[in-house]
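Chemist: With chain L held as given, fit chains Y, H and P onto it using these hints.
Residue numbers (the working numbering), protein chains in the order written: chain L, -17 to 321; chain Y, -17 to 321; chain H, -17 to 321; chain P, -17 to 321.
Honestly, the hints are just simulated from the structure, not real lab data. There could be a bad hint or two in this list.
For chains that are exact copies, the list does not tell them apart, and a pair is met inside one copy or across any two.
[To be verified] In the DSS-like style, the derived pairs of lysine-lysine whose C-alpha atoms are separated by at most 30 Å in a straight line are: (1) K250 <-> K23; (2) K(-15) <-> K99; (3) K250 <-> K187; (4) K169 <-> K187; (5) K23 <-> K238; (6) K23 <-> K187; (7) K187 <-> K238.
4 protein chains.
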Amino acid sequence: MLKVAVIGATGYTGEELVRILAGHPHVRLAYVSSREDRAQKIQDIFPYLRGRVDLDCRPFRPEDALGAADVFFLSLPHTVSMRTAPALLANGKRVIDVSADYRLPDPALYERHYGEKHADPERLREAVYGLPEFFRDRIRNARLVANPGCYPTSALLGLLPLARAGLAWQGACVIDAKSGVTGAGRKASAALNFSEVNENFRAYKVLAHQHEPEIAEGLKRAGGKGAFVFVTHLLPLDRGILSTLYFQFPPGTPEKRLRDVFESAYAKERFVRVHAAGRFPGVKDVLRTNQCHIGLALREETGNAVVVSAIDNLGKGAAGQAVQNMNLACGFPEEAGLE
Amino acid sequence: MLKVAVIGATGYTGEELVRILAGHPHVRLAYVSSREDRAQKIQDIFPYLRGRVDLDCRPFRPEDALGAADVFFLSLPHTVSMRTAPALLANGKRVIDVSADYRLPDPALYERHYGEKHADPERLREAVYGLPEFFRDRIRNARLVANPGCYPTSALLGLLPLARAGLAWQGACVIDAKSGVTGAGRKASAALNFSEVNENFRAYKVLAHQHEPEIAEGLKRAGGKGAFVFVTHLLPLDRGILSTLYFQFPPGTPEKRLRDVFESAYAKERFVRVHAAGRFPGVKDVLRTNQCHIGLALREETGNAVVVSAIDNLGKGAAGQAVQNMNLACGFPEEAGLE
Amino acid sequence: MLKVAVIGATGYTGEELVRILAGHPHVRLAYVSSREDRAQKIQDIFPYLRGRVDLDCRPFRPEDALGAADVFFLSLPHTVSMRTAPALLANGKRVIDVSADYRLPDPALYERHYGEKHADPERLREAVYGLPEFFRDRIRNARLVANPGCYPTSALLGLLPLARAGLAWQGACVIDAKSGVTGAGRKASAALNFSEVNENFRAYKVLAHQHEPEIAEGLKRAGGKGAFVFVTHLLPLDRGILSTLYFQFPPGTPEKRLRDVFESAYAKERFVRVHAAGRFPGVKDVLRTNQCHIGLALREETGNAVVVSAIDNLGKGAAGQAVQNMNLACGFPEEAGLE
Amino acid sequence: MLKVAVIGATGYTGEELVRILAGHPHVRLAYVSSREDRAQKIQDIFPYLRGRVDLDCRPFRPEDALGAADVFFLSLPHTVSMRTAPALLANGKRVIDVSADYRLPDPALYERHYGEKHADPERLREAVYGLPEFFRDRIRNARLVANPGCYPTSALLGLLPLARAGLAWQGACVIDAKSGVTGAGRKASAALNFSEVNENFRAYKVLAHQHEPEIAEGLKRAGGKGAFVFVTHLLPLDRGILSTLYFQFPPGTPEKRLRDVFESAYAKERFVRVHAAGRFPGVKDVLRTNQCHIGLALREETGNAVVVSAIDNLGKGAAGQAVQNMNLACGFPEEAGLE
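For reference, chain L alone in the conformation it holds in the complex (with noise of 0.2 Å):
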């Protein structure tokens, strides 16, 4: 049994990854952190957890750590994480990082949107982008892997079968995306009070989300090209991101060509499903899990094409997908653990 670590352990994707980790069949969850001061059990702080886990969960010391794991998942806030892996690293440690500071290859790309200079620029180019639907090869073995934002993994699995089969779009595709709350993070904040939130429903950072230039950097990264818009709204529910792409083909682009470039993109894909004609999905069917479900509709007299994609923000949007990079990166099936 592989022992792991997650570092930040008590906000909702460190709970999730928690949760995913002390069922897997093949790693034993061996060391937990978070910043709070009071040293306490885990499975106290989450009380469903016991029975299933007994693990002290304390502030991060990386003495303690580097002894008690092989590979470690870093759920900290961005500017954090690239300040936690080198010494991990440096320790032959595999780190799967699901901040976003590894996930943008050009350093003054990360300092223009996360407002900071980026403190271990050099391997930003090492790391790998954990998407595995579409960056598998490079996931297996990898070091360091920068899991994907929950947006970004959102509106990708849209974007990049257009991608791979050569589809282009004309002019900009729109990206309408809206997430639960947890993606938000655990935290105290006015704007997330309840009755704030509650019978409540908004756009935020409109055209000025820092996932962005990450669905950007994926669209390139599949080789693909083509303008986008994204914006982000906030829904009144716990989990799941809901994104309505829209995209303008020519007129008279059949629908069956479009659904032929998806199902074919996710025939053997495990987590991915294409739904029917006529069905689209709402995130309570994705609700726990680490799949994306999938919906498309075209109008062929005019070529517009919908695209709905919808995933749980902490499954495949955070910590499942984490999970599932681990098991690629470790040589466990991919779906260890997450079914």
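Modeler: Chains Y, H and P in isolation, oriented as in the chain L frame:
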């Protein structure tokens, strides 16, 4: 005091009409009806009305209704309104129809989208489309007002300023619309059961929503051209519609140009508010009001623009706007009863 | 028109006060303040107020406030009201205090439950407890009204009819109370983050809630005796309190006896409604009203009785009742602005 | 691998049974059925099951079912189970009945509360009431297990430790119970429409809930005495039951006495957890688990005690407990498939 009636008073829109009309300074709510067999007091059905109104609510009988009121709000399912309105109009009554029956000028279009031959086709061109911000002059003194649908209201308030100003967009505008559950009406439905909608979010009637031709006709009525794609989604909340509109303008178009178009269109409008740069409305900002709030952004280097429009689907999207139309048609101050 | 002020206008209760007072027929909202540093227009903070009110909202400064208004609503955190009210009262102003500071007659009790020595102890006995249905005569012309807490309002409206009628219960009455989240105020708090409250329900401050002595004092003020146990719970919704009260009466007590007590207590009350046998209110029945709805049942063979009381915690539980108290204190019709 | 069947697989409880059994290490889900006319793959009805199970779901036909499985979970409406179980039992199958049909030992009681004559009265005394923490020995090897109702599970786990320890309460214990909406089943119902339940909270079936006799019988089965009052409420959330129990003990009873009773009752129980002093569970603590969490407090000077019990109504309150019962009846480890 003008006497008014609400036919179909126990659906969500009917209830909201009763609530608003009970506090209106220039009218007296004199007659309410509902399909429910058992006659009841309306204030027993909606107990918060106690002390504000005292009226029997029984099945609609024209012989009772005609003597009771001068203005009739028809809050009926489509295909029922067009069978109810003629007798009222023939008796000199004024009708504000909240259903879809008189919104489309072409009976063939109605039949295609509502699945039934129109029963009163000759009145379709006589009916006035009740979007006051754009068709105010026609609404004044109108005998038959077709109150706009909730989605069309939300979409057209984001489209028509461009049509009026002659600011054309390229390709198809995207209208990504999201609605709360009261938009579907008060009815038993497994798909609208709490646990199906709660913690869920999904697209529905993709590229096939019956409000699409209404938006197209509204655009045409205002002299606008331009294609659009329209997709609707179901939000897990009671009330509110938020539409996110995406336009492609020529690169280099300044944001100020777009802002000027919206600000001048709505400068004198009491019920539409354009937010300052960088601010976008949420549906809670307009909850239980007759207001529409609009936010916008434009990226000059690409010409991509985003317009967000928020209304309460039962307020500006239905009952509030119906009362605004009555105010116009009857010569009352436009805001009477609505603030 | 009497000029009124709301001190603390941007909390949930303050906002509701502004909303109600902006539509009140006999007063003019003349001054609002908030701790927020930056002066803003109140209608920019709450955009749905646009067209109804036009007022600067800035930090409270007594020198500005005293000249601006005659009646002051203090919607302040406890311990702040008792430092703000004295200067207003000394200048002849009328004060409706929505905080807990003047609700308990005994300063020792205050100190024990609110953790601080009372700053204005001599006024505690002069302050009038503002539950109009039971203390209406004392509220008329009162200079200082202590507006009841939300839980105590809900509980006392279910207890005091028994006290007044001399119908004693055996042992301890159980008050199982459940509140929506706005009851906790508008603030950043990890525990009130959307994803902590949503899809959750929990008891809190079990046998230790600071509203317990207020209920005990309210009972005593009405001449009632009888023990009770009080537990509060947090509901995943914005507004509403439902209290379920359990009484033990002697076996054989007829349900009609209990019903008569409640119906005669509230027969002339505009804001309290006793439901018919077999009907029980939900919090949505009283949403955004100043009403309290009550349902009751008694099992004669055992003498067990259940009384359910529903209010809107921001309506009858705070702002609505505060305006009702102002109406009484100032000689307006009791329902002015509240229907 | 034992072959198991779920009869009624598309209701909320049936779906949860399928989900749990698909991951159970010692059984193979071999047959599922549903009233729905159209045969479908169960993994197409619940797409998150794809990759985990591949089974047709069609209307129940005994001739197919008998050959397919050894253990049958009946997730059927009451009155249907008692017509389905006999043939299965006569053919040597084991039955875990999730309906109410075999929970009450007395057919007259059944008829009074479920409105129909019992169709299989002779088996009522043979059926074992499946609350493992208290009736474990009888469940081992049982052929017919009556799986407890959700409310009774929640209530009895708070009552039976007292019965077993002989700690009697005075008067009637109050059981104030609140449940999420899945407890009402998956069905079209205007009263369960999203907008009726959302932002609402109400009591229902006050002093008239059909689970009351089941609680009384459960208490009796454990040798307990003592009266209780039981009221149920509907929470605006999907899953979870929280019951707040109020007991009157003699003044001076130490809290430690109560705590000892609960801690010793559950010390060896894997699925019941007693929280430390001052801590109370919320329903989210047990979401999607087979656990019951309990918190308690006692005020020594008055003898008033509060016990709070939280379960997931579909987990420990239905499907989870049903699998726990199967594990016991079939000799598997009790926690198999449940952690």
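Chemist: None of the hints should be skipped; say for each whether it holds.
Modeler: Verification of the hints:
In this assembly of identical chains, K250 and K23 lie within 30 Å of each other by CA distance solely across copies; the values are 19 Å between and 41 Å within a copy. Taking the shortest Cα distances, K(-15) and K99 never come within 30 Å of each other, neither inside one copy (33 Å) nor across copies (56 Å). In the homo-oligomer, the alpha carbons of K250 and K187 lie at most 30 Å apart only across protomers (29 Å), although the nearest pairing inside one protomer, at 36 Å, exceeds that limit. In this assembly of identical chains, the alpha carbons of K169 and K187 lie at most 30 Å apart whether taken from the same copy (19 Å) or from different copies (22 Å).
In this assembly of identical chains, K23 and K238 lie within 30 Å of each other by CA distance solely across copies; the values are 24 Å between and 54 Å within a copy. Within a single copy, K23 and K187 get their C-alpha atoms only as close as 37 Å, which misses the 30 Å cut-off; across copies the closest is 24 Å, which meets it. Taking the shortest alpha-carbon separations for K187 and K238, only the inter-copy value of 19 Å comes in at or below 30 Å, while the best intra-copy value is 35 Å.
Checked against the numbered hints listed earlier, the structure breaks hint 2 alone; every other hint is satisfied.
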